[in-house]
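Undergrad: Residues per chain, in single letters:
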Amino acid sequence: MEDDFNQPQRQSPIGVLVMFVDTLQLWARGLWPVLLVYIVKFKDLNTIYLGLGIVSFLIIIAFVAYLKYLNFKFYLDDKNEEFVINEGIINKKSTIIQLDRIQQVDINQSLIQRIIGVYELNVDTAGSAKKEGRIRAISHTLALNLKARLLEGNAVNEKEISEEATVHNSINQNQPFVKISFLSLLKVGITTNYVKTLGLVLAFIMTIFDNVKRIIPEYEVDDEQLENFVDSQSTIQYVGFVFLILIFLILIINLIRVVFKYFDYKVTRHKDSLLLSFGLLSTKSTIVKPEKVQIVTVTRNYFQKKFDILEIKIKQATSSDTDIKKAIIEIPGCNEKEKIAIFKLLFHIMPEKGIVLKPNYRKLVFSIFLFIILPVGLFFIFAFYLDPTLLTYSYVLPFYIVFIGLVLCFGFLNNRLYINDNFIIKQSGAWDIDNAIIETSKIQGVTTSQLFWHKRVDIGCIIIHTAGGDLAFQLGNFTVIKQYVNQWLYEIETSDSNWM
Amino acid sequence: MENFTNKTIDIKQLPKFEEVVFTALHTKYFRVVLINLGIVIGLFILAPMVLSVINPELFSGRVWLILGMVIPILLIFIVSFSIIGFRKKGFAFREHDVLYRYGVIATNTIVIPYNRVQHVALHEGFMSRFFGLAKIEIFTAGGSSSDIAIPGIAKEEAENIKQLLMGKIQKQL
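Chains as they are written, first to last, in UniProt numbering: chain R, 1 to 500; chain X, 1 to 173.
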């Protein structure tokens, strides 16, 4: 191993540039009101002063960036098994991370880092919400070596150094066993996230519309013209036209988003872990250790089933609730075969659906009450007692009732809990059907819950707690639930199986 | 090796968590609940009075009427929920796991096996310390939803339970 991490060392010298851009961003964010004033008064300003101001500003930032670079040092303390990062110009900060606490090491590359050819290394532990250790600029080989060293921290005593050398060689040699093709990405793009993108598109159009109105005050007149125009056209034609454009926009934006985010998605096997790398502008790479995986969710909707693609979401162990969203790793657009390969690595055996638990019909009744009867009732109460003009919007109600009704019905029909000896699978969702899979050995605790008026009909809820989040199933047969809770407890308490 | 057996287990014979007898919280803790209730009731009654003294025009007669109706109903709810909540709370320490039952409308039972416990803490509130009570907090890696906090245990007993739990955790490691 040529890289000695035991001596405190700085980042790549070229990293000063990254520091520079970072500091610039930070300061620009802090000073934007000042900048705004400058821009507005641009004409009145003396160009010489302005030029001098900008130059001195940049010099100060460059100086600060250089100092930041000088004061940033990291090293591995082999004796105490710690990874230490020292940073700060005036306020010194020393981050000490115990090697066996390290959960995840990511190597990322942003646009600026890609331009100058350095990588960013993030060290994540279970402890707190944000990334603890962050090295902004190191070379690729150094990053890989350091990553291998950091992740092997737990076992470093027993393993020979020569083995480590083979580790990062094997990264290069190993062929990725899942490679998501451009075609799959296109398929993913046109089949997912309609609602989310619709929201984005609407927000976008609204902002533009608003800004145009503000900039061109005469637009108010145009507003009326627009209305006249709308009236003159047949309404159905008009609505259809808008609808088509909206669908078109959603598809295009979806495609662009998916391709940018997941371009060249590769899953490589790295010893017993999965190594993922993806991204068009900034390449992200993450290591997933199978023993840290808590919940695996397979998501697929009707179109995706026809296309033979599915999305896998992997939730790893985190201790803070806010971090759970961040710890989700997504693998979009795998096919059935690739799914099996990934599952083999994560679980060693294929999770199968065992006995089925169905929710009681009361669940459907309750959700209809909550999402249809209650809002519609409130609408009419408001309309009759407070604001009669609301009644003109009542034509929306049938659409709302039919749409939500369908979502609730399908959601109810798809809601299932499958239990087998090693796995618990919860199926849910109306359009996008999720299958959340957890191994029984990963259970941290179980909560059962029963409303007192459900005692007689023997139905109740169960919440399964894992280190990657909870899994809840409502209104199932309570006798069966209790029996399985007893069985799981027995299995957990009699084995030393490690959940992490 | 000679001790190794691998008999088929009968799932029906497994110990049942739902049949465990729960220990109620310490009766002294009921006083803590009552005192807390007293403080809440006092605040609800005092706050409007103080406000009306500072700014007499703030409340019209109608607002007083509404307040006079809403506050008692709210207070009756809070009082009955607290008292029933106290009655329903219970805990049990089995050989391999800890159970805690709570909830007024829904009865929730949370079970945490000892080999999933990360750490244990003893918490003494101001009021509880006055009565010699403590709260045991049991943390797992599953985030706040799967942590247990059992209030109203006598200080000595709580200390013993903590030792017991620590012993169990140590043994597992």
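A portion of the hints provided could be inaccurate.
Below, a list of computed lysine to any residue pairs in the SDA-like style, where the Cα atoms sit at most 25 Å apart [as the list claims (entries may be wrong)]:
1) X:LYS88 <-> R:LYS305
2) X:LYS28 <-> X:GLY38
3) R:LYS271 <-> R:ILE463
4) X:LYS168 <-> R:LYS305
5) X:LYS12 <-> R:GLU352
6) R:LYS482 <-> X:HIS96
7) X:LYS88 <-> R:VAL457
8) R:LYS482 <-> X:GLY38
9) R:LYS455 <-> X:GLU18
10) R:LYS358 <-> X:ILE105
11) X:LYS135 <-> R:SER449
12) R:LYS284 <-> X:THR8
13) R:LYS482 <-> X:GLU18
14) X:LYS12 <-> R:VAL457
15) R:LYS455 <-> X:GLY38
16) R:LYS289 <-> X:SER144
17) X:LYS88 <-> R:LYS289
18) X:LYS16 <-> R:VAL356
19) X:LYS168 <-> R:THR440
20) R:LYS455 <-> X:PHE77
21) R:LYS455 <-> X:LYS88
22) X:LYS28 <-> X:LYS88
23) X:LYS12 <-> R:TYR490
24) X:LYS12 <-> R:LYS289
25) R:LYS305 <-> R:LYS271
26) X:LYS88 <-> R:PHE5
27) R:LYS455 <-> X:LYS16
28) X:LYS135 <-> X:GLU95
29) R:LYS455 <-> X:LYS28
30) R:LYS363 <-> X:PHE59
31) R:LYS358 <-> X:LYS16
32) R:LYS482 <-> X:PHE77
33) X:LYS16 <-> R:PHE260
34) R:LYS363 <-> X:ARG101
35) X:LYS16 <-> R:LYS305
36) R:LYS482 <-> X:LYS28
37) R:LYS482 <-> X:THR8
Read the hints as simulated data drawn from the structure, not as lab findings.
Undergrad: All the hints need checking, so say for each whether the structure fits it.
TA: Outcome of the hint check:
At most 25 Å may separate the alpha-carbon atoms for a hinted pair to count; LYS88 (chain X) and LYS305 (chain R) exceed this at roughly 48 Å. Of the supplied pair hints, the one linking LYS28 (chain X) and GLY38 (chain X) holds, its CA atoms being roughly 16 Å apart against a limit of 25 Å. For the hint linking LYS271 (chain R) to ILE463 (chain R), the alpha-carbon distance of about 34 Å lies beyond 25 Å, and the restraint is violated. Using a Cα cut-off of 25 Å, the hinted pair LYS168 (chain X) and LYS305 (chain R) is violated, with the two alpha carbons roughly 48 Å apart.
As the CA atoms of LYS12 (chain X) and GLU352 (chain R) are separated by approximately 23 Å, the hinted pair is consistent with the 25 Å bound. The suggested pairing of LYS482 (chain R) with HIS96 (chain X) holds, with an alpha-carbon distance near 17 Å, which does not exceed 25 Å. Between LYS88 (chain X) and VAL457 (chain R) the alpha-carbon distance is near 21 Å, which keeps this suggested pair within the 25 Å criterion. At most 25 Å may separate the alpha-carbon atoms for a hinted pair to count; LYS482 (chain R) and GLY38 (chain X) exceed this at roughly 39 Å.
At roughly 13 Å between alpha-carbon atoms, LYS455 (chain R) and GLU18 (chain X) fall within 25 Å of each other, so this suggested pair holds. For a cut-off of 25 Å, the pair hint linking LYS358 (chain R) to ILE105 (chain X) stands: about 23 Å separates their Cα positions. With a C-alpha separation of about 23 Å, the suggested pairing of LYS135 (chain X) with SER449 (chain R) holds against the 25 Å cut-off. At roughly 48 Å between alpha-carbon atoms, LYS284 (chain R) and THR8 (chain X) are farther apart than 25 Å, so this suggested pair is violated.
Our distance criterion of 25 Å between C-alpha atoms is met by LYS482 (chain R) and GLU18 (chain X), whose separation comes to about 7 Å. Between LYS12 (chain X) and VAL457 (chain R) the alpha-carbon distance is near 21 Å, which keeps this suggested pair within the 25 Å criterion. For a cut-off of 25 Å, the pair hint linking LYS455 (chain R) to GLY38 (chain X) is broken: about 33 Å separates their Cα positions. Annotation: proposed proximity of LYS289 (chain R) to SER144 (chain X) holds, straight-line Cα distance about 24 Å (limit 25 Å).
With a C-alpha separation of about 42 Å, the suggested pairing of LYS88 (chain X) with LYS289 (chain R) is violated against the 25 Å cut-off. Proposed proximity of LYS16 (chain X) and VAL356 (chain R) is supported: the alpha carbons are some 22 Å apart, at most 25 Å. For the given pair, LYS168 (chain X) sits about 21 Å from THR440 (chain R) by alpha-carbon distance, which is consistent with the 25 Å threshold. Straight-line distance between C-alpha atoms of LYS455 (chain R) and PHE77 (chain X) comes to about 23 Å, which keeps the hinted pair within the 25 Å bound.
Among the hinted pairs, LYS455 (chain R) with LYS88 (chain X) is consistent with the structure: their alpha-carbon atoms are about 16 Å apart, no more than 25 Å. Taken as a hint, the LYS28 (chain X) and LYS88 (chain X) pair is honoured in the structure, with Cα atoms around 15 Å apart against an allowance of 25 Å. The suggested pairing of LYS12 (chain X) with TYR490 (chain R) holds, with an alpha-carbon distance near 12 Å, which does not exceed 25 Å. For the proposed pair LYS12 (chain X) and LYS289 (chain R), the alpha carbon gap of about 36 Å is over 25 Å, so the pair is violated.
With a C-alpha separation of about 32 Å, the suggested pairing of LYS305 (chain R) with LYS271 (chain R) is violated against the 25 Å cut-off. With a C-alpha separation of about 57 Å, the suggested pair LYS88 (chain X) and PHE5 (chain R) falls outside the 25 Å cut-off, and the hint is violated. Under the criterion of a C-alpha separation no larger than 25 Å, the hint pairing LYS455 (chain R) with LYS16 (chain X) is consistent with the structure, at around 17 Å. For the suggested pair LYS135 (chain X) and GLU95 (chain X), the alpha carbons sit about 21 Å apart, so the restraint of at most 25 Å is met.
Taking the CA atoms of LYS455 (chain R) and LYS28 (chain X), the gap is near 31 Å; set against the 25 Å cutoff, the hint is violated. As the CA atoms of LYS363 (chain R) and PHE59 (chain X) are separated by approximately 44 Å, the hinted pair breaks the 25 Å bound. Proximity of LYS358 (chain R) to LYS16 (chain X) is assessed by CA-CA distance (about 23 Å); at most 25 Å being required, the pair is judged to hold. Simply put, LYS482 (chain R) and PHE77 (chain X) have alpha-carbon atoms about 31 Å apart, too far for the 25 Å limit, and the pair is violated.
The straight-line distance between the Cα atoms of LYS16 (chain X) and PHE260 (chain R) is roughly 53 Å, outside the 25 Å bound, and the hint therefore fails. The suggested pairing of LYS363 (chain R) with ARG101 (chain X) holds, with an alpha-carbon distance near 24 Å, which does not exceed 25 Å. Taken as a hint, the LYS16 (chain X) and LYS305 (chain R) pair is broken in the structure, with Cα atoms around 42 Å apart against an allowance of 25 Å. Between LYS482 (chain R) and LYS28 (chain X) the CA atoms are separated by roughly 33 Å; this puts the pair beyond 25 Å, and the hint is violated.
In summary, the hint linking LYS482 (chain R) to THR8 (chain X) is supported, as the alpha carbons are separated by about 20 Å, within the 25 Å threshold.
The structure is inconsistent with the numbered hints 1, 3, 4, 8, 12, 15, 17, 24, 25, 26, 29, 30, 32, 33, 35, 36, although it conforms to all the rest.
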